[in-house]
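Chemist: Chain by chain, the residues run as shown.
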Amino acid sequence: MGGRGWERVQTVRLGGAGAASVGVASRRREAAELRQVPSQTVRLGRVQPQAPSHRTIYCNDREANNIARFKGNSISTTKYNVLTFLPKGLFEQFRRVANLYFLMISILSTTPISPVSPVTNVVPLSLVLLVSLVKEAFEDWKRFQNDTAINSTPVDVLQGQRWESISWRKLQVGDIVRVKQDGFFPADLLFLASTNADGVCYIETANLDGETNLKIRKALERTWDYSLPEKAAEFKGEIQCEQPNNSLYTFTGNLVIESQTLPLSPNQILLRGCSLRNTEYVVGAVIFTGHETKVEYIFSDKTGTLTRNLMEFFKCSIGGEAYGTGVTEIEKGQVQRTGKKMNEVNRSDTAVHEKGFNFDDARIMCGAWRNERDPEICKEFFRCLALCHTVLPEGDESPEKITYQAASPDEAALVTAAKNFGFFFYRRTPTTVMVRESHVEKMGNIQDVSYEILNVLEFNSTRKRQSVVCRYPNGRLVLYCKGADTVIYERLADANQDIKRLTREHLEQFGSAGLRTLCLAYRELTNDLYEKWNEKFIQAKSSLRDREKKLDEVAELIEKDLILIGCTAIEDKLQDGVPACIETLSRAGIKIWVLTGDKMETAINIAYACNLINNDMKQFIITSETDAIREAEDKGDPVEIARIIKDSVNHDLKQCLEEAQQYLHISGQKLTLIIDGKCLMYALDPNLRVNLLNLSLNCSSVVCCRVSPLQKAQVTSLIKKGARKITLSIGDGANDVSMIQAAHVGVGISGLEGMQAVMASDFAIAQFRFLTDLLLVHGRWSYTRLCKRFYDDWFQSLYNVIFTALPVIIVGLFDKDVSASLSKKYPELYKEGIRNMFFKWRVVAVWAFFALYHSLIFYYFTTAASQTGHNSSGKIFGLWDVSTMAFTCVVVTVNLRLLMACNSITRWHHLSISGSILAWFVFIFIYSGVMTPYDRQENIFFVIYVLMSTFFFYLTLLLVPIVALLGDFLYLG
Amino acid sequence: MEMEAGSTSASGGGTQAHSYSPLRSKAFYKFTQQNLPACKPNLTPARVIVIFLLAGVVFIPVGLICLRASESVVEILDRYDIECVPESYRNNKVAYIKDSSISKNCKRLIKIQKHMKAPIYVYYELDNYYQNHRRYIKSRSDKQLLHGLEYKDTSSCRPEEYNNGLSIVPCGLVAWSLFNDSYTFVREAVELRINRRNIAWKSDREHKFGRNVYPFNFQNGSLIGGGNLDPDVPLSEQEDLIVWMRTAALPKFRKLYGVIEEDLQADEIIEVHLVNNYNTYSFGGKKKLVLTTKNWLGGKNDFLGIAYMATGGFCIFMSILFALIHVKNPRPHGDPTYSYGNRKSTTS
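Protein sequences appear in the order of chains A and B. Every number in this note's numbering is 364 more than the matching position in the first sequence, counting from 1. Every number in this note's numbering is 1009 more than the matching position in the second sequence, counting from 1.
Keep in mind the hints are simulated off the structure, nothing from the lab. Built from N, CA and C at the ideal position, the CB exists for glycine as well. Where hints are given, some of them may not hold.
Lysine to any residue pairs mimicking SDA-like chemistry, simulated, CA-CA at most 25 Å apart [unchecked claim]:
#1 Lys-828(A) <-> Arg-727(A)
#2 Lys-1147(B) <-> Tyr-1223(A)
#3 Lys-452(A) <-> Thr-517(A)
#4 Lys-1211(B) <-> Tyr-444(A)
#5 Lys-1126(B) <-> Phe-1306(A)
#6 Lys-1261(B) <-> Ser-1313(A)
#7 Lys-1211(B) <-> Leu-1321(A)
#8 Lys-1261(B) <-> Leu-1321(A)
#9 Lys-765(A) <-> Asn-735(A)
#10 Lys-1211(B) <-> Ala-726(A)
#11 Lys-1126(B) <-> Phe-1315(A)
#12 Lys-1113(B) <-> Val-1082(B)
#13 Lys-506(A) <-> Tyr-444(A)
#14 Lys-506(A) <-> Trp-527(A)
#15 Lys-1337(B) <-> Phe-1333(A)
#16 Lys-1147(B) <-> Phe-1333(A)
#17 Lys-1337(B) <-> Ser-814(A)
#18 Lys-1337(B) <-> Leu-1330(A)
#19 Lys-1261(B) <-> Ser-1219(A)
#20 Lys-1211(B) <-> Ser-1219(A)
#21 Lys-1261(B) <-> Tyr-1223(A)
#22 Lys-1261(B) <-> Val-495(A)
#23 Lys-1147(B) <-> Leu-472(A)
#24 Lys-1211(B) <-> Leu-1334(A)
#25 Lys-1147(B) <-> Arg-727(A)
#26 Lys-1147(B) <-> Ala-726(A)
#27 Lys-896(A) <-> Met-807(A)
#28 Lys-1261(B) <-> Asp-725(A)
#29 Lys-1295(B) <-> Tyr-1223(A)
#30 Lys-1261(B) <-> Arg-727(A)
#31 Lys-1147(B) <-> Gly-1293(A)
#32 Lys-1295(B) <-> Lys-1161(B)
#33 Lys-1161(B) <-> Ser-1219(A)
#34 Lys-1261(B) <-> Leu-1220(A)
#35 Lys-1297(B) <-> Lys-1161(B)
#36 Lys-743(A) <-> Asp-725(A)
Derived coverage of chain B by chain A (criterion: at least 3 residues anywhere in the stretch with Cβ under 8 Å from a Cβ of chain A; other residues may be distant) [stated by the list, open to error]:
#37 1063-1077
#38 1105-1115
#39 1140-1152
#40 1207-1214
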């Protein structure tokens, strides 16, 4: 990443897994040394340089700002207002085909050529419209109330020299506001000062991107003092910044104080909707208000679709010995597939299961590690866990009550693990880490040890490791390092080949069990060596240009000749039943693609864990992490980079496609494609798209990593349009919204995350595993229901809305052809749906045929039978007698046919069907029994009584429906 | 019918849903989670066979009864619209019917085939006469028929609403086109008594046609559509009109003319003196005279009986066919995949 302009890499954590430890910012911040840089989202591609237009905000000076006419801070999410409600609401209603159809019919019925009076059409239509409009109005009213509540939330604003409470709506650009702990930011703020030392505050951005871990924001040093109202009143800054835009993670601007220009970064911006944590209060200046805030255009990312984003310390390997007796879901799945029975492992008494820790091995718990072969290395292992991190302890300093605030859950899991092993990290100061160590000197002995942390070499995606240099109380200098196995192994000293070999074996084991692994290593340092290195480090740190690069180089100098301690294995808890669910779905012939913002390794891990990939599959990996591409990137010529990536993607695609075809023809092996976002960007190019499509359709699963929300949508529509397949997108994060909307069916997962995805989706479920239910059970049901309603809807709309509507609805609600458990048991049944089995034209044609057949029966049977006199006095039926008889037959038949179409019958069916028939008779009795005062054709007057006085009527009523249904019955039978 | 008690679809979400709730929301939960107890009508071969058999067994006797009832009816039809036109006018029947100077009297001889038991119903049957044309049907005012001149809003009657600026009672095309052929029956030079009363539905006489409404300004226009009405008889007693106004469903229809209340013996010759007034020639309509006896089901109509018989026969045939197929290729029931596999091709 050439550091040009605003191009930057960020972690997109989504689709499930991401941990912030993989998160990186290419631009290192001046964040406090001990804190991890907050993760940032990456947008692949570049952000265009800002347009020259920018806004200038005069802080604490309402008059000056009035000239610029910034918008107010009130927001409105309502769809309608009093004036637009009717036109807009009606427009929405008439976008539905059914309503439009009835409108057309109603219009036609007002013309003189119509045989029916308009009332019969207009009344049902208006009824339907009325109900829908009332519902819309009610929902909008709720939104309005919600808006009002938000708009009138109080916030402290600096007025003169005091804080005064005003409502959010009255907030103006340039105001200085104070936000207290746990409060929400009322607008996008420039962070000026906080009560914390170092001008730092912690914010939670769950409302924006769903990430629940805390992020650190740091004010400019120049403004740290403005935390008290008296001081803040003196603040007269001028903020020059970009115009409002929807990019959540970028911000450019300058703060001009006393003719001194200070650059502003996203690190000083507090976005509306985030909340303040762990900080008594902060002071900030309002820069964007109301709809201009960034809250409105949400796209981002996150977790939770497949995984729970709950990291648990699950296994470890210390000094070549593997510990941990747990069995992961994926292992369970593997065992089950091979047909063996699971041996339920009896958990020992030492087993501990808390948040972040799910580990059991009596050999090292409760100080038992002292009796292991090499207790010293165990000690190093635990100390490494307790010291090498950037976690903040929070709450009471007791093992039970403490909570760890970590940028990523796996860091917290490691620290929690150390705690459970008896190395309890309980306090952090800027220079020291306090650890309460148990059983170190002898069993039962507890002592508080203070380690001086000299340097922190932070984690980032290129380094893939993190180190601390610490000094023991006895003066011993140690560098602890943890990181990905590849990078650690490169930097190990040439000793202890046994441990290395054993640990590598364990790493593979853990990896195939779906666990995320990290290697731990340490290095003893001498004072001399350290001092020399530290000089260079300080130099690098204070350099102004290429600081990141220089820091990385300096780190390389000391992170070598490491001694391997072991490795940890963390389970990224999948949501319950995900592997089973995925397997069921794939048995149902559904192909599953994972589109995630995670880095490739994580994505592959998750895919393994979810059963999407296994070792029997041939993997095609198309990645931009090749030497050639990296070389080009180092040179930094964007045109050249693009060309090289494009060439390599093109080449890879072709090669993979050829191989794929060979594999498919020869061995029938299952294939899987793994592609990263950068390559995808080029692969989606119209020229390469066809190859990508062909290749991916040959693969049973596809994993796209490091993809942006836009790419997710692109891939979805590629499949939708290119392959003409039905697509279903499932996601929980706001970043999945575009993809959900692009797919035929969108499913949102409601959970810890924001509700954006849910709101944009067609269905909402609480966890991924319910997808099985949704698709296989309800999906099938609704499928079969839909096709049934097809017939009846049209049929009844031509005849009558009321007498047959209720049963149809009931069928729509309750019909199921196969019981739920059966559906799940035989996922193959879903293939019927995939093949459009039920909804084919053939079926529609069959229904239409029977409709025709029925109508012929109704017409000819009733008329043919009514030629002669029909009662004992020889009187003849008139037109209306015959038509009423026919209609009675229709109502009875349609309702009975519906009953036949049901695959299951609840008492609601009986109720609604007999109710409908009854309703018809009640109606006709009343309708033909009274004479209305105004001029109307009294056609039906007394007809039903006349009819019912004849035997003929009953005989016909018995005959016609049965004859009509006979055909259907025969067809069913 | 297998009872499928609450299936276990969304067990996960469900447990929380009703943990806090007693009976009512449990029912609601079942409703929303689609776990209502339901019975599944499963069409096993045996059931299909039994159902068909049952239908057949019920329908065939019913059909037989209907058919027998219909058979017992004696019906005589006589088409007269052509033969009542003198030979010289056969080529121009319309001129004949429009020429009021020519006598329209006509004599027909009807031979009674079988003994006809009183009451014998006399109908006229018109064919190719579309009384169900929607503009024709609408051209009447039910309110005026009931309330007479008091009721002013007779716009529906157009074009027969006013004549010479005065309202017409009864207005509208239906009344205007009143059928006006008349029949007298003579047996052995003695006129048969024919009862012309009580030929309309009681409900019509009592509720739809006013007791105090008298014809007014009727058939006074330049175009005479059909019969005239006695202005001194209230509409509720103008039964020919009432019968005519109950419009027919089909272009071929019968309307009751009267009832002969004496038995007619086989081989008797009946002279019918008819006045052939009604113009069906301009649109090619046919006119027939019908004499028929009655039964409990009404007139002669084989249709119901045949339909019942056919349906019943078909059902029995199908049940036998299915039974044969089933005996030949029995399939185990209860295998869900198989049952489904069978169904997918047939159900929708």
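Chemist: For every hint, state whether the structure bears it out.
Modeler: Cross-check of the supplied hints:
no., hint, in the structure
1, Lys-828(A) <-> Arg-727(A), "31 Å, violated"
2, Lys-1147(B) <-> Tyr-1223(A), "22 Å, holds"
3, Lys-452(A) <-> Thr-517(A), "30 Å, violated"
4, Lys-1211(B) <-> Tyr-444(A), "59 Å, violated"
5, Lys-1126(B) <-> Phe-1306(A), "31 Å, violated"
6, Lys-1261(B) <-> Ser-1313(A), "24 Å, holds"
7, Lys-1211(B) <-> Leu-1321(A), "23 Å, holds"
8, Lys-1261(B) <-> Leu-1321(A), "23 Å, holds"
9, Lys-765(A) <-> Asn-735(A), "29 Å, violated"
10, Lys-1211(B) <-> Ala-726(A), "100 Å, violated"
11, Lys-1126(B) <-> Phe-1315(A), "21 Å, holds"
12, Lys-1113(B) <-> Val-1082(B), "32 Å, violated"
13, Lys-506(A) <-> Tyr-444(A), "12 Å, holds"
14, Lys-506(A) <-> Trp-527(A), "32 Å, violated"
15, Lys-1337(B) <-> Phe-1333(A), "22 Å, holds"
16, Lys-1147(B) <-> Phe-1333(A), "40 Å, violated"
17, Lys-1337(B) <-> Ser-814(A), "89 Å, violated"
18, Lys-1337(B) <-> Leu-1330(A), "24 Å, holds"
19, Lys-1261(B) <-> Ser-1219(A), "20 Å, holds"
20, Lys-1211(B) <-> Ser-1219(A), "32 Å, violated"
21, Lys-1261(B) <-> Tyr-1223(A), "15 Å, holds"
22, Lys-1261(B) <-> Val-495(A), "46 Å, violated"
23, Lys-1147(B) <-> Leu-472(A), "18 Å, holds"
24, Lys-1211(B) <-> Leu-1334(A), "43 Å, violated"
25, Lys-1147(B) <-> Arg-727(A), "98 Å, violated"
26, Lys-1147(B) <-> Ala-726(A), "96 Å, violated"
27, Lys-896(A) <-> Met-807(A), "39 Å, violated"
28, Lys-1261(B) <-> Asp-725(A), "96 Å, violated"
29, Lys-1295(B) <-> Tyr-1223(A), "23 Å, holds"
30, Lys-1261(B) <-> Arg-727(A), "102 Å, violated"
31, Lys-1147(B) <-> Gly-1293(A), "21 Å, holds"
32, Lys-1295(B) <-> Lys-1161(B), "36 Å, violated"
33, Lys-1161(B) <-> Ser-1219(A), "40 Å, violated"
34, Lys-1261(B) <-> Leu-1220(A), "18 Å, holds"
35, Lys-1297(B) <-> Lys-1161(B), "38 Å, violated"
36, Lys-743(A) <-> Asp-725(A), "16 Å, holds"
37, 1063-1077, "holds (count 4)"
38, 1105-1115, "violated (count 0)"
39, 1140-1152, "holds (count 9)"
40, 1207-1214, "holds (count 6)"
Hint compliance for this structure: hints 1, 3, 4, 5, 9, 10, 12, 14, 16, 17, 20, 22, 24, 25, 26, 27, 28, 30, 32, 33, 35, 38 are not met, and every other hint is.
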